[in-house]
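Trainee: Sequence:
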Amino acid sequence: ASATPSGLCRAAKTPSHRRLFVLALCSDAADKRKGETMSTEVEETLKRIQSHRGVKGVLICNSEGVPIRSNLPAEDEQTYSALVSQLAMKANNVVRNLDEADELTFLRIRSKKHEIMIAPDKEFLLIVIQNPNLE
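Note that UniProt numbering numbers the sequence shown so that position 90 is 90, with each residue one more than the last.
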């Protein structure tokens, strides 16, 4: 990401899916520069997302589909990260083909059993899987 880690975390305080994702991007490299506070803030944000009713899993992967952080079983982690990263790349290509100045900022897929929310960034994807049938 082009912003500094502290800038990312400040931006994350704005209530939106995109801002939550930006906070989650405070990676291990940022942790080394900013100490334990950054890692704790990221973990707290991930726990907050996971605590929402119906959330089955949260996954952060890089742009190549390699899982970085997840609370999913290893097999599901690999499957979701590989397939969803490819889908996000294709969806971004569609958006760019329609308007070169535009970019994909959020993608939501809903099926009978799952809802997958994808927040892409330059280097990472935040993927949240939830049960859409909870009232």
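Calculated from the structure, these hints are not laboratory results. Being a predicted model, the structure only gives us computed values, none of them experimental. We put the beta carbon where it would ideally sit given N, CA and C, even for glycine. Certain hints may be false.
Distance condition first, Cα-Cα at most 30 Å in a straight line; then the derived DSS-like pairs of lysine-lysine [said to hold, decoys possible]:
1) Lys-112 with Lys-47
2) Lys-112 with Lys-90
3) Lys-113 with Lys-90
4) Lys-56 with Lys-90
What follows is a set of in silico ranges between Cβ atoms, one per label pair, in the way DEER data are often shown [to be verified]:
5) Asn-97 with Lys-47: 22 to 30 Å
6) Glu-64 with Arg-96: 17 to 25 Å
7) Ser-39 with Ala-101: 30 to 38 Å
Trainee: Quick check on a hinted range of 30 to 38 Å for Ser-39 and Ala-101, using CB atoms only.
Mentor: Holds - the Cβ-Cβ distance for Ser-39 and Ala-101, about 36 Å, lies within 30 to 38 Å.
Trainee: Take the C-beta atom of Asn-97 and the C-beta atom of Lys-47, compute their distance, and say whether it sits inside 22 to 30 Å.
Mentor: With Cβ atoms ~38 Å apart, the hint is violated.
Trainee: Tell me if the beta carbons of Glu-64 and Arg-96 are separated by a distance inside 17 to 25 Å.
Mentor: holds, 19 Å
Trainee: Would you check the hint for Lys-112 and Lys-90, treating anything up to 30 Å between C-alpha atoms as holding?
Mentor: holds, 23 Å
Trainee: Holds or violated: Lys-112 with Lys-47, Cα cutoff 30 Å?
Mentor: The hint holds at about 25 Å.
Trainee: For a C-alpha distance cap of 30 Å, please report whether Lys-56 and Lys-90 respect it.
Mentor: holds, 25 Å
Trainee: Are the Cα atoms of Lys-113 and Lys-90 separated by 30 Å or less?
Mentor: Answer holds: Lys-113 to Lys-90 is near 23 Å, not above 30 Å.
The structure fails hint 5 only (numbered hints given earlier).
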